[in-house]
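When you get a sec, could you build the whole thing from the sequences and use the hints?
Chain order of the listed sequences is W and G.
If you count by our numbering, then the first sequence holds residues 214 to 328, one letter each, in order.
If you count by our numbering, then the second sequence holds residues 36 to 150, one letter each, in order.
Note that these hints are calculated values from the structure, not bench results.
Note that the Cβ used here is the ideal one computed from N, Cα and C, for glycine as well.
Accuracy of the hints is not assured; some may be wrong.
Unchecked claim - Cβ pair distances, simulated, as ranges:
{"hint": "1", "chain 1": "G", "residue 1": "Gly51", "chain 2": "W", "residue 2": "Leu273", "range": "38 to 44 Å"}
{"hint": "2", "chain 1": "W", "residue 1": "Leu273", "chain 2": "G", "residue 2": "Asn76", "range": "20 to 26 Å"}
{"hint": "3", "chain 1": "G", "residue 1": "Thr52", "chain 2": "W", "residue 2": "Arg228", "range": "19 to 25 Å"}
{"hint": "4", "chain 1": "W", "residue 1": "Asn220", "chain 2": "G", "residue 2": "Pro75", "range": "18 to 24 Å"}
{"hint": "5", "chain 1": "W", "residue 1": "Gly229", "chain 2": "G", "residue 2": "Glu50", "range": "45 to 51 Å"}
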Amino acid sequence: DTGVSQNPRHKITKRGQNVTFRCDPISEHNRLYWYRQTLGQGPEFLTYFQNEAQLEKSRLLSDRFSAERPKGSFSTLEIQRTEQGDSAMYLCASSHGLTNTGELFFGEGSRLTVL
Amino acid sequence: AQSVTQLDSHVSVSEGTPVLLRCNYSSSYSPSLFWYVQHPNKGLQLLLKYTSAATLVKGINGFEAEFKKSETSFHLTKPSAHMSDAAEYFCVVTLGSYNTDKLIFGTGTRLQVFP
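Here it is as C-alpha cells:
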C-alpha cells in the first residue's frame, strides 16, 4: 500500500499522559498536514510542513502539542499532559506541493480517547 | 474569512433516486471549492474540485457539482444513488486556486441510501 499511513490507529490513554502519533506520507509528497476531527464536525487544520520546515500552526495547537518532520519524510504529533478535550481523530494528509492540484491524500486517522 | 455551510446534516434517499447535497460558501477571494467523501474506516477522498475553470465540475463515481457565484453555492448531485454512496460528504474551501495549505471543511452531510 503506497498511501498515507498513520499509527497507531487507536490510542486510549489516561488524562495527564503523553501520546505520540506517527504519519508516513506518500513518498514523493513534500507537503504534510495534520488535521483534527471531533465527533459531528469536519476536520480542522492544525499544522503543515513543507519538507522539514513547519510553515504554519493553527491557534488550536496549544503549547502541549508539538509536531516534527525531522528528515522531511515521516512526521510525529505529540500531545503532552493529555486532557479529555483532546479526544478526537487526528488526520494526516500529504500532497505534492509543486504540482498544486489542490488534492490532499489523507490517511485513515489515529483516534485518541482520553479517559 | 473563508467558510462553507452544509445545509443538511443528514440526507436519506432510495437507491436509484437522485442525490442533492447542499453547500454554500463565503469567500473574500475567488474560491477553490472541493467535495471530499469519507467512508467508514477509510481516509478522506477527493470527489471533485472547482478552481475557476468550468462551473460544472464532474467527479468520480458519477458525482458532479455546479459553482454558482450569484448564489454562492456549490451543491453536489448524482442522478442515481447507489448503496455504495452511503458515506459522509464534506464541502471544502481553500484560500485560493493554488493555496492548498489549509482546507476549511464544512460540518459534513451523512448520506444514507436505502434499498
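Hint-by-hint comparison with the structure:
The beta-carbon spacing between Gly51(G) and Leu273(W), approximately 42 Å, falls within the hinted interval of 38 to 44 Å. The supplied range of 20 to 26 Å is met by Leu273(W) and Asn76(G), whose beta-carbon atoms lie about 25 Å from each other. At about 47 Å, the CB distance of Thr52(G) to Arg228(W) disagrees with the hint of 19 to 25 Å. Between Asn220(W) and Pro75(G) the beta carbon distance is about 19 Å. The supplied range of 18 to 24 Å therefore holds.
For the hinted restraint 45 to 51 Å between Gly229(W) and Glu50(G), the CB-CB distance of approximately 49 Å keeps it satisfied.
In the structure shown, a violation is registered for the earlier hint numbered 3 alone.
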